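Residue-level listing of the chains:
There are 2 protein chains.
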Amino acid sequence: MDSRNGSVSETPLDAEIGSFFDSAPPLKDCDGIAKKLKDFIEFNSPPPGKGSPTGVVCVTSGGTTVPLEQCCVRYIDNFSSGHRGATSTEYFIKAGYAVIFLYRRGTFQPYCRSLPEDSLLECFECSDDSAIQVRQPYAEAVKRAISDHHAAVAGGHLLKIPFTTIFEYLQILRSIAMSMRDLGSHAVYYLAAAVSDFYVPWKSMAEHKIQSASGPLDMRLVQVPKMLSALKKAWAPMAFCISFKLETDSKILLEKAEMALKKYRMHMVVANELSTRKEEVTVVTGNEKILVCRDKTQSDSDVEEPLIELIVGRHSAYVKDSDL
Amino acid sequence: MDSRNGSVSETPLDAEIGSFFDSAPPLKDCDGIAKKLKDFIEFNSPPPGKGSPTGVVCVTSGGTTVPLEQCCVRYIDNFSSGHRGATSTEYFIKAGYAVIFLYRRGTFQPYCRSLPEDSLLECFECSDDSAIQVRQPYAEAVKRAISDHHAAVAGGHLLKIPFTTIFEYLQILRSIAMSMRDLGSHAVYYLAAAVSDFYVPWKSMAEHKIQSASGPLDMRLVQVPKMLSALKKAWAPMAFCISFKLETDSKILLEKAEMALKKYRMHMVVANELSTRKEEVTVVTGNEKILVCRDKTQSDSDVEEPLIELIVGRHSAYVKDSDL
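As given, the protein sequences belong to chains A and B, one line each in that order. Numbering follows this note's numbering, with no gaps: position 84 of the first sequence is 85. Numbering follows this note's numbering, with no gaps: position 7 of the second sequence is 8.
These are computed hints drawn from the structure, not numbers from a lab. Among the hints, erroneous ones may be present.
Given that identical chains are not distinguished, each listed pair holds provided it fits within a single copy or across any two copies.
Taking lysine-lysine pairs in the DSSO-like style, the calculated list, with each CA pair at most 27 Å apart, reads [said to hold, decoys possible]:
#1 LYS204 with LYS252
#2 LYS257 with LYS95
#3 LYS37 with LYS297
#4 LYS290 with LYS321
#5 LYS37 with LYS279
#6 LYS279 with LYS29
#7 LYS39 with LYS257
#8 LYS290 with LYS233
#9 LYS290 with LYS95
#10 LYS234 with LYS257
#11 LYS95 with LYS161
#12 LYS161 with LYS257
#13 LYS252 with LYS263
#14 LYS290 with LYS279
#15 LYS227 with LYS204
#16 LYS252 with LYS234
Predicted model only: the values in this text are computed from it and were never measured.
Could you put together the complete structure from these sequences and hints?
Laid out in structure tokens, this is it:
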């Protein structure tokens, strides 16, 4: 379309995004997810004339996979335990927000991060009369996990939606954005998931398992379209958006975070380095760089506690400004 | 070395394997793992003159990862839930074997396969007096998981060792082979893990996260040396070895299984196709192709039950032959 005729012209990015979604394998249970989202947003929307709730946050968590074969045996994965997303979800709910937790299958879940791996086998034992009981060192952690998690879900404050591939992740994120649209400035995106930068387009993918018989494997991966642009410009123009930048090389971290802030017009970018990410992060905004550290006088403190406090403060100010 | 002087000449494969291990990042807690293996094998070895136990099986399970960066953010993964390895472990223990379960972190565990994902949150609830209790539909499955698993570990029949990368997997497998050497024909390898065919040698790997700014990503992966050859020829020459061949294309499956049987001198290759692998497998031996199916008159039967029965029979015959 031609912008001289008053219509919006399609940019190269729009075309790239369109072609990504057109060629993606269809999402399973698409209608079921849309229904759950609709109910959750309705439950957490303000009744007319009764003022506004704090808001709804979409927290994304864990890494996406990129299949290398359609009958997927091999895939490229992004490392992410999901600890940041799970922990932040707890603090958002504590601050009065409702959370849509879009998480990679098998990663950390809210309220469960102090449990050991293999929690069922580690935390429980069978007593002599063959009753199942919690082993003593884990009693408090298990009780907290089960009761707090249940309270959040049963109270309608937490909706969990799992994904595995980049195709699932981006299709569900778009659905969430559509559902949250009417929330305007009360919608928050906290994009902590580690999203693949590169993928193999579905149509150019090998149908069957790649054979290993003949020498080295050469692969060409193309860039995933920058969906943050689409989110901010088209899907959720009024929402408060926080993205993450993870690097292992501290020398380029802040520079790259600032670039992301400008390029995708985020409200905040949380810059974290792989080795220190549980101790401190730097929040980059339009005119500040704020170092946020966990309370080191407490052994069980989280950097997410002051981080979410900072975000909640900024988001409240943003809502007030938008309401003027 | 020159074979004319009576010493064994180094083949190209030996050189490849040597260079793989030399360049691999060192295994964490190498001594701790060796100690656990030593104790487990000692406990499960026959006292002198008292005849032999059934044997010790090394079951490998789940997929290995191949890091693409040294500070690992991205990696290539092989799909494998670990269901085959976990289920087979239960049947081997039931048949009187001790099992070293070498498994990918986060995959299915023995005795836990009928539990839902997120089992802790799904299977338990907090009662009104804030005691933790099992939710009714899961009562039997949870009790079985905890008591059978505990019995196997406490009884000294099950040793679990986790891995993530191909480097960890192959280093631990070699340690296991060294520990099991004295068991001779009583040692069984049941290699159900989905091991990467390709990897990026540690030394040619990017140190930091690969940047996405500049166009498509071209990668060259080289073949992982065929360790099955090393296992059979050098590490465990007397052991009874079963490997797996998974394909998504049934047309090439049996042919590839036969090739693997001959090339690596396995005793059996279990051929399975991705879509039907829980229903049936074909066991390829030197002169047979045996179709093994689960008992379809029982809804909760496993193809691993007749499969392990077949293997146990063949292994017993092999032990008798070796003892002659």
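### Query
Taking 27 Å as the upper bound on the Cα-Cα distance, should LYS95 and LYS161 be classified as within, between, both, or neither?
within (17 Å within a copy, 38 Å between copies)
### Message
Treating 27 Å as the Cα threshold, decide for LYS279 and LYS29: within, between, both or neither.
### Response
Between copies, since 22 Å is at most 27 Å while 35 Å is not.
### Message
For LYS290 and LYS321, with the copy left unspecified, which applies at a CA distance of at most 27 Å: within, between, both, or neither?
### Response
within (23 Å within a copy, 73 Å between copies)
### Homo-oligomer pair classification [LYS204, LYS227; C-alpha up to 27 Å]
within (20 Å within a copy, 32 Å between copies)
### Task
Could you place LYS37 and LYS297 in one of the four classes (within, between, both, neither) given a Cα distance threshold of 27 Å?
neither (40 Å within a copy, 36 Å between copies)
### Query
27 Å Cα cut-off: does LYS290 pair with LYS279 within a copy, between copies, both or neither?
Intra 18 Å, inter 54 Å, cutoff 27 Å: intra-copy only.
### Message
I want to check one pair: LYS290 and LYS233. Are their C-alpha atoms no more than 27 Å apart within a copy, between two copies, both, or neither?
### Response
Answer is within: at 22 Å inside a copy they meet the 27 Å cutoff, but 58 Å across does not.
### Message
For LYS257 and LYS95, with the copy left unspecified, which applies at a CA distance of at most 27 Å: within, between, both, or neither?
### Response
This pair counts as neither: shortest intra-copy Cα distance 31 Å, inter-copy 56 Å.
### Query
How do LYS39 and LYS257 come out at 27 Å by Cα distance, when the copy is not named: within, between, both, or neither?
neither (36 Å within a copy, 50 Å between copies)
### Message
With identical chains, the pair LYS204 and LYS252 could be close in the same copy or across copies; at 27 Å between alpha carbons, which is it: within, between, both, or neither?
### Response
Only across copies: LYS204 and LYS252 sit 22 Å apart there, 38 Å inside one copy, limit 27 Å.
### Task
Give the relationship of LYS234 and LYS257 under a CA distance limit of 27 Å: within one copy only, between copies only, both, or neither.
The answer is within: 21 Å in one copy meets 27 Å, while 51 Å across copies does not.
### Query
How do LYS252 and LYS234 come out at 27 Å by Cα distance, when the copy is not named: within, between, both, or neither?
This pair counts as neither: shortest intra-copy Cα distance 30 Å, inter-copy 48 Å.
The structure does not agree with the numbered hints 2, 3, 5, 7, 12 and 16 stated previously, though it agrees with the rest.
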